[in-house]
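Enquirer: Taken in order, these protein sequences are the chains called Z and X. If you count the first sequence from 1, you need to add 396 to reach this note's numbering. If you count the second sequence from 1, you need to add 2 to reach this note's numbering.
Since the hints were made in silico from the structure, they are not lab data. Please note that the accuracy of each hint is not assured.
Listed below are the simulated SDA-like cross-link pairs for lysine to any residue, each with C-alpha atoms no more than 20 Å apart in a straight line [claimed, not checked]:
1. X:Lys-407 x X:Asp-210
2. X:Lys-268 x X:Ile-49
3. X:Lys-358 x X:Cys-383
4. X:Lys-56 x Z:Gly-651
5. X:Lys-109 x Z:Asp-523
6. X:Lys-475 x X:Cys-383
7. X:Lys-221 x Z:Leu-674
8. Z:Lys-566 x Z:Asp-400
9. X:Lys-112 x Z:Arg-675
10. X:Lys-219 x Z:Asp-400
11. X:Lys-114 x Z:Thr-679
12. X:Lys-106 x Z:Pro-625
13. X:Lys-337 x X:Ile-242
14. Z:Lys-627 x Z:Asp-540
15. X:Lys-106 x Z:Pro-512
Quick list of simulated restraints, FRET-style, between CB atoms [unchecked claim]:
16. Z:Gly-588 x X:Asp-210: 51 to 57 Å
17. X:Thr-107 x Z:Leu-550: 44 to 50 Å
18. Z:Arg-675 x X:Glu-376: 17 to 23 Å
19. X:Glu-195 x Z:Arg-675: 22 to 28 Å
20. X:Thr-107 x Z:Glu-526: 16 to 22 Å
21. X:Asp-208 x Z:Leu-550: 41 to 47 Å
22. Z:Lys-606 x X:Trp-113: 48 to 54 Å
23. X:Glu-333 x Z:Arg-419: 50 to 56 Å
24. Z:Gln-492 x X:Lys-221: 37 to 43 Å
25. Z:Asp-718 x X:Asp-210: 51 to 57 Å
26. Z:Tyr-671 x X:Pro-444: 32 to 38 Å
27. X:Glu-90 x Z:Arg-675: 26 to 32 Å
28. X:Trp-113 x Z:Lys-398: 57 to 63 Å
29. X:Glu-376 x Z:Gly-556: 16 to 22 Å
Beta carbons: idealized from backbone N, C-alpha and C, even for Gly.
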Amino acid sequence: MKGDIVIIGGGITGIALAHELARRGEDVVVLEKRFIGSGSTFRCGTGIRQQFGDEANVQVMKRSVELWKKYSEEYGFPFKQTGYLFLLYSEEEISQFKENISIQNRFGVPTKLITPEEAKEIVPLLDVSEVMAASWNPTDGKADPFHATTAFALHAQEMGARIYEYTEVKDLIIEKGEIKGVKTNKGTIKTGIVVNATNAWAKLINAMAKVPIRIPIEPYKHQAIITQPIKRDTINPMVISFKYEDSYLTQTDHGGIIGGVGYEVGPTYDLSPSYTFLREVTTYLSKIVPAIRELLILRTWAGFYAKTPDSNPAIGRINEIDEYYIAAGFSGHGFMMAPAVAEMLSDLITKGKSKLPIEWYDPYRFERGELRQKALQMG
Amino acid sequence: MRFTEHPILDFERVRGREVTIYFEGKPIKAYEGETIATALHAAGIRIFQHSTKKHRPRGLFCAIGKCSSCLMKVNGIPNVRTCITLVEEGMQIERQDEKPVLPKTSKPPKWKEPPRIEADVVVIGGGPAGMMAAINASDAGAKVVLLDENPMLGGQLVKQTHKFFGKREQFAGVRGIKIAEILSEELKKRDIEVFLETSAIMLLQDGDEKLVVGVRKNKELVEFKGKTVVVATGAMERMIPFENNDLPGVYGAGAIQTLMNTYGVKPGDRVLIVGAGNVGLILAYQLYQAGVKVEAIVEAMPKIGGYFVHAAKVRRLGIPILTRHTILRAEGKEKVERAVVAQLDENWNVVPGSEKVFEVDVIALAVGLRPSIELLHQIGCQIKYVPELGGHVVIRDSRMETTIKGIFVAGDSAEIEEATTAMLEGKIAGISAALAAGVASPGWLKEVEKTQRELEEFRSGPFGRKVLEGLKKVVVE
Ligand SMILES: Cc1cc2nc3c(=O)[nH]c(=O)nc-3n(C[C@H](O)[C@H](O)[C@H](O)COP(=O)(O)OP(=O)(O)OC[C@H]3O[C@@H](n4cnc5c(N)ncnc54)[C@H](O)[C@@H]3O)c2cc1C
Ligand SMILES: Cc1cc2nc3c(=O)[nH]c(=O)nc-3n(C[C@H](O)[C@H](O)[C@H](O)COP(=O)(O)OP(=O)(O)OC[C@H]3O[C@@H](n4cnc5c(N)ncnc54)[C@H](O)[C@@H]3O)c2cc1C
Ligand code: FES
Numbered sequence: 397m398k399g400d401i402v403i404i405g406g407g408i409t410g411i412a413l414a415h416e417l418a419r420r421g422e423d424v425v426v427l428e429k430r431f432i433g434s435g436s437t438f439r440c441g442t443g444i445r446q447q448f449g450d451e452a453n454v455q456v457m458k459r460s461v462e463l464w465k466k467y468s469e470e471y472g473f474p475f476k477q478t479g480y481l482f483l484l485y486s487e488e489e490i491s492q493f494k495e496n497i498s499i500q501n502r503f504g505v506p507t508k509l510i511t512p513e514e515a516k517e518i519v520p521l522l523d524v525s526e527v528m529a530a531s532w533n534p535t536d537g538k539a540d541p542f543h544a545t546t547a548f549a550l551h552a553q554e555m556g557a558r559i560y561e562y563t564e565v566k567d568l569i570i571e572k573g574e575i576k577g578v579k580t581n582k583g584t585i586k587t588g589i590v591v592n593a594t595n596a597w598a599k600l601i602n603a604m605a606k607v608p609i610r611i612p613i614e615p616y617k618h619q620a621i622i623t624q625p626i627k628r629d630t631i632n633p634m635v636i637s638f639k640y641e642d643s644y645l646t647q648t649d650h651g652g653i654i655g656g657v658g659y660e661v662g663p664t665y666d667l668s669p670s671y672t673f674l675r676e677v678t679t680y681l682s683k684i685v686p687a688i689r690e691l692l693i694l695r696t697w698a699g700f701y702a703k704t705p706d707s708n709p710a711i712g713r714i715n716e717i718d719e720y721y722i723a724a725g726f727s728g729h730g731f732m733m734a735p736a737v738a739e740m741l742s743d744l745i746t747k748g749k750s751k752l753p754i755e756w757y758d759p760y761r762f763e764r765g766e767l768r769q770k771a772l773q774m775g
Numbered sequence: 003m004r005f006t007e008h009p010i011l012d013f014e015r016v017r018g019r020e021v022t023i024y025f026e027g028k029p030i031k032a033y034e035g036e037t038i039a040t041a042l043h044a045a046g047i048r049i050f051q052h053s054t055k056k057h058r059p060r061g062l063f064c065a066i067g068k069c070s071s072c073l074m075k076v077n078g079i080p081n082v083r084t085c086i087t088l089v090e091e092g093m094q095i096e097r098q099d100e101k102p103v104l105p106k107t108s109k110p111p112k113w114k115e116p117p118r119i120e121a122d123v124v125v126i127g128g129g130p131a132g133m134m135a136a137i138n139a140s141d142a143g144a145k146v147v148l149l150d151e152n153p154m155l156g157g158q159l160v161k162q163t164h165k166f167f168g169k170r171e172q173f174a175g176v177r178g179i180k181i182a183e184i185l186s187e188e189l190k191k192r193d194i195e196v197f198l199e200t201s202a203i204m205l206l207q208d209g210d211e212k213l214v215v216g217v218r219k220n221k222e223l224v225e226f227k228g229k230t231v232v233v234a235t236g237a238m239e240r241m242i243p244f245e246n247n248d249l250p251g252v253y254g255a256g257a258i259q260t261l262m263n264t265y266g267v268k269p270g271d272r273v274l275i276v277g278a279g280n281v282g283l284i285l286a287y288q289l290y291q292a293g294v295k296v297e298a299i300v301e302a303m304p305k306i307g308g309y310f311v312h313a314a315k316v317r318r319l320g321i322p323i324l325t326r327h328t329i330l331r332a333e334g335k336e337k338v339e340r341a342v343v344a345q346l347d348e349n350w351n352v353v354p355g356s357e358k359v360f361e362v363d364v365i366a367l368a369v370g371l372r373p374s375i376e377l378l379h380q381i382g383c384q385i386k387y388v389p390e391l392g393g394h395v396v397i398r399d400s401r402m403e404t405t406i407k408g409i410f411v412a413g414d415s416a417e418i419e420e421a422t423t424a425m426l427e428g429k430i431a432g433i434s435a436a437l438a439a440g441v442a443s444p445g446w447l448k449e450v451e452k453t454q455r456e457l458e459e460f461r462s463g464p465f466g467r468k469v470l471e472g473l474k475k476v477v478v479e
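Sequences and hints are given; from them, build the entire structure.
Expert: Here you go:
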């Protein structure tokens, strides 16, 4: 078997990339060791925001939101622009967010600072007794990871992409710096171009390829909960509080409240749920929305944040291996970025450059000691 | 309607003080010690909620807190399982007709450290298996704590008014309810701490020990720390697909027994039973005893599944048992008013023109149980699908230890069988758990071996064959 471009990893990154490449007429194959979305994608908090603190991420996320809107309308999966509401509890937090807001506004993202009373109008169940202000952007939003990933996969397949599930990459065949193929548990695939889109597992694929530079991406366990469903439109935006251990919560399309906190364990590949997390999440979420105490938690689960030292992903080409690309290390915000990442990386693969600021995510920055400003990370 | 007279049970004795609760603002008489669902049922209220998407009426189904069919708003709090929540004076109860709305007045909870109960052996479930595990672990020298999510000990036994089969040492000839009483008396004689109305919601490895996270009365967190754990969470009733199987009035057999035999509330006037295994047959007899008319029992198999003696007794009462028949649909506006059944041919297809209509207000499903393995699954015990044992079950060794060291299983949660085997397994698991905790002297191994032989002997009859086939697939050394 062969494919012009082989993408390793069938999460939202790999699938959105396959979709974009197929749209451009490329012959593309996705190899996924379990089923699509089974990595971190189906375990994510569903949030999509443009509220970042640096120019590159604001621009990239602005484009990503345009693409989320376009494809959700075309393919009919739920993407809702219900906003992101950061609750701020100190002058210090407020001045930091004011700076972020001015960057966001410069690129046309309509974030503004609002009063606690205005925040309470948006989510009446909030406890704002300690809140001093909130950073509010109504054009941020959320999407259903199951429907979104499946929709991108089906349309990619319609355009000729091939997606092989339960196909695990075991090794890469590289001769004199040129990729010849990929070995899997189901046989070898001939190819000249490989994209490492395995996020939390990226270091393992990089090791198979013998990538000669240091790209520090480590898996950290993060957990989430979902409650019993309640009436729609109770908690529309993603609500975030850095004061309460980076906790976040929002309501899914089905009505349940999905949420998490900053508590993390790692580096590890262990995914067992923990009691410490459950205690923290119930404590902190009920500080933000006290009425959540009346709800039962239906499920809790864990997934990975694939973390880099500056919380920005590594996206780009590895020069020492001809046609080896990486898009990984999303540090807890890879779901939201995927459509824009797919566009940037497709530009790089097919045209050698991109209009979006892909240099920000340069995989060589770690080796060169040029870490970026830390990207705003939640959860 | 409540029973005042019953040939075996004395409800006046068990009913507590009279209290008033409010359903949609209207006062209803209830007794302390009753669940909300029971009191509503006694007042003739069958519809507890409407489904959120299609607004279909829903009522009681399992009566043991396992199916969510009875969720209501109680004192402003949504999603309360009314079948395992006891009434309290002045309670305000409302139907839930859409996805719940959260109260605006909730205050942030005041967090305090949950109580932490330490023991050698933690037993989850107070049915015959769990009680025997607790008693024997305690006798073997362990400090034992037992928790159960129901308001009373006994598990399925508390509803069995009939005399049990089995061996003399395992209470043959004694009524189920009586066995429950005897075992709980034995528990009380020992220094065993019992937590009722306490659900185990999580099972965790905590260093070398185990942590069971419990929630008492739906609101209070309690932590149970043990060197070893016995899971004896019993089983859950199966549902079968037919039109309108969600109408109020379609009950699991166990729910009818709970209403009738535990709380003395008449489940309805005329009943159709689906399934002629032992549970269906015994249920028919119990209904008759309580003065409820059983119109028929339908059984899809060509043969009656239950013991001959039970079937003979039911036939003597004039209750028809229709083999090779199934239920096609329930009919009725907001609750069951009729049941339509039909004959099946050798290929399990409905024989055209064979439909019969029964005017009933209750349809009882006695179509089997499946083990409650949720906690075992959650902590990561290895699981296998074995139809002979009732579905998904855990791999274990002959001392009932699962693939996770220090976690034991017993009774219906290990495989669907009966009270006698549940008790024997409970004994084996209890002693083994005490041994594994390092508190029992090695001499207790003999007692384990003796019990294993008793279990083997008990299963050597014709009814043990299927279970033995199944066990071959899950018992490893
Ligand atoms: C609790 C939690 C909440 C989160 N909330 C958000 C949020 O609100 N918004 C947001 O944007 N992000 C969020 N994230 C982060 C988000 O889930 C990830 O950044 C995103 O899913 C990454 O997608 P991906 O496709 O790059 O990686 P993944 O979805 O992990 O896909 C990588 C795939 O590679 C496969 N793979 C690995 N090794 C091999 C191999 N050898 N061969 C073949 N296949 C292989 C894996 O099986 C996996 O399916 C959250 C994460 C967690 C854990
Ligand atoms: C109609 C009928 C007739 C029967 N007749 C006979 C007979 O004649 N002879 C015979 O030997 N057997 C008979 N049985 C079978 C017998 O009753 C069961 O096999 C036996 O009760 C199983 O015991 P157990 O302890 O495993 O489970 P159960 O009795 O079901 O007890 C399980 C307990 O665990 C508790 N629990 C479950 N989950 C949790 C949790 N998460 N946290 C806390 N507590 C929990 C439950 O509240 C329950 O009290 C009959 C059963 C029925 C339904
Ligand atoms: S949970 Fe109450 S009837 Fe099933």
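Enquirer: Each hint should be assessed against the structure and marked as holding or not.
Expert: Each hint tested on the structure:
Taken as a hint, the Lys-407 (chain X) and Asp-210 (chain X) pair is honoured in the structure, with Cα atoms around 10 Å apart against an allowance of 20 Å. The straight-line distance between the Cα atoms of Lys-268 (chain X) and Ile-49 (chain X) is roughly 16 Å, inside the 20 Å bound, and the hint therefore holds. For the suggested pair Lys-358 (chain X) and Cys-383 (chain X), the alpha carbons sit about 46 Å apart, so the restraint of at most 20 Å is broken. Distance restraint check for Lys-56 (chain X) and Gly-651 (chain Z): the Cα-Cα separation of roughly 15 Å lies within the 20 Å cut-off, and the hinted pair is therefore satisfied.
Taking the CA atoms of Lys-109 (chain X) and Asp-523 (chain Z), the gap is near 9 Å; set against the 20 Å cutoff, the hint holds. The hinted pair formed by Lys-475 (chain X) and Cys-383 (chain X) meets the criterion: a straight-line CA distance of about 15 Å does not exceed 20 Å. A threshold of 20 Å between alpha carbons decides the hint, and for Lys-221 (chain X) with Leu-674 (chain Z) the separation of about 15 Å falls inside it, so the pair holds. The hinted pair formed by Lys-566 (chain Z) and Asp-400 (chain Z) meets the criterion: a straight-line CA distance of about 19 Å does not exceed 20 Å.
A C-alpha spacing of about 13 Å is found between Lys-112 (chain X) and Arg-675 (chain Z), which places the hinted pair at or below 20 Å, so the restraint holds. Note on Lys-219 (chain X) and Asp-400 (chain Z): the hinted pairing is violated, with a Cα-Cα distance of about 61 Å set against a maximum of 20 Å. For the hint linking Lys-114 (chain X) to Thr-679 (chain Z), the alpha-carbon distance of about 11 Å falls within 20 Å, and the restraint holds. Only pairs whose Cα atoms come within 20 Å are accepted, and Lys-106 (chain X) paired with Pro-625 (chain Z) is accepted, the gap being roughly 17 Å.
Taken as a hint, the Lys-337 (chain X) and Ile-242 (chain X) pair is honoured in the structure, with Cα atoms around 18 Å apart against an allowance of 20 Å. Note on Lys-627 (chain Z) and Asp-540 (chain Z): the hinted pairing holds, with a Cα-Cα distance of about 18 Å set against a maximum of 20 Å. Taking the CA atoms of Lys-106 (chain X) and Pro-512 (chain Z), the gap is near 17 Å; set against the 20 Å cutoff, the hint holds. At about 53 Å, the beta-carbon gap between Gly-588 (chain Z) and Asp-210 (chain X) stays in the expected band of 51 to 57 Å.
Taken as a hint, the range 44 to 50 Å holds for the pair Thr-107 (chain X) and Leu-550 (chain Z), whose Cβ atoms sit roughly 46 Å apart. Between Arg-675 (chain Z) and Glu-376 (chain X), the C-beta spacing of about 20 Å keeps the proposed range 17 to 23 Å intact. Under the hint 22 to 28 Å, the C-beta atoms of Glu-195 (chain X) and Arg-675 (chain Z), about 23 Å apart, fit the expected range. Under the hint 16 to 22 Å, the C-beta atoms of Thr-107 (chain X) and Glu-526 (chain Z), about 18 Å apart, fit the expected range.
The supplied range of 41 to 47 Å is met by Asp-208 (chain X) and Leu-550 (chain Z), whose beta-carbon atoms lie about 44 Å from each other. Between Lys-606 (chain Z) and Trp-113 (chain X) the beta carbon distance is about 51 Å. The supplied range of 48 to 54 Å therefore holds. Here the CB-CB span from Glu-333 (chain X) to Arg-419 (chain Z) is close to 53 Å, well matched to the stated 50 to 56 Å. Checked against the hint of 37 to 43 Å, the pair Gln-492 (chain Z) and Lys-221 (chain X) passes, with Cβ atoms roughly 38 Å apart.
At roughly 52 Å, the beta-carbon separation of Asp-718 (chain Z) and Asp-210 (chain X) lies within the given 51 to 57 Å, and the hint holds. For the pair Tyr-671 (chain Z) and Pro-444 (chain X), the supplied restraint of 32 to 38 Å holds, since their beta-carbon distance comes to about 34 Å. For Glu-90 (chain X) paired with Arg-675 (chain Z), a C-beta distance near 28 Å keeps the hint of 26 to 32 Å intact. For Trp-113 (chain X) and Lys-398 (chain Z), the Cβ-Cβ distance of about 59 Å falls inside the hinted range of 57 to 63 Å, so the restraint holds.
Restraint check, Glu-376 (chain X) to Gly-556 (chain Z): a C-beta distance of roughly 43 Å breaks the suggested window 16 to 22 Å.
Comparing the model with each numbered hint stated earlier shows that hints 3, 10, 29 do not hold.
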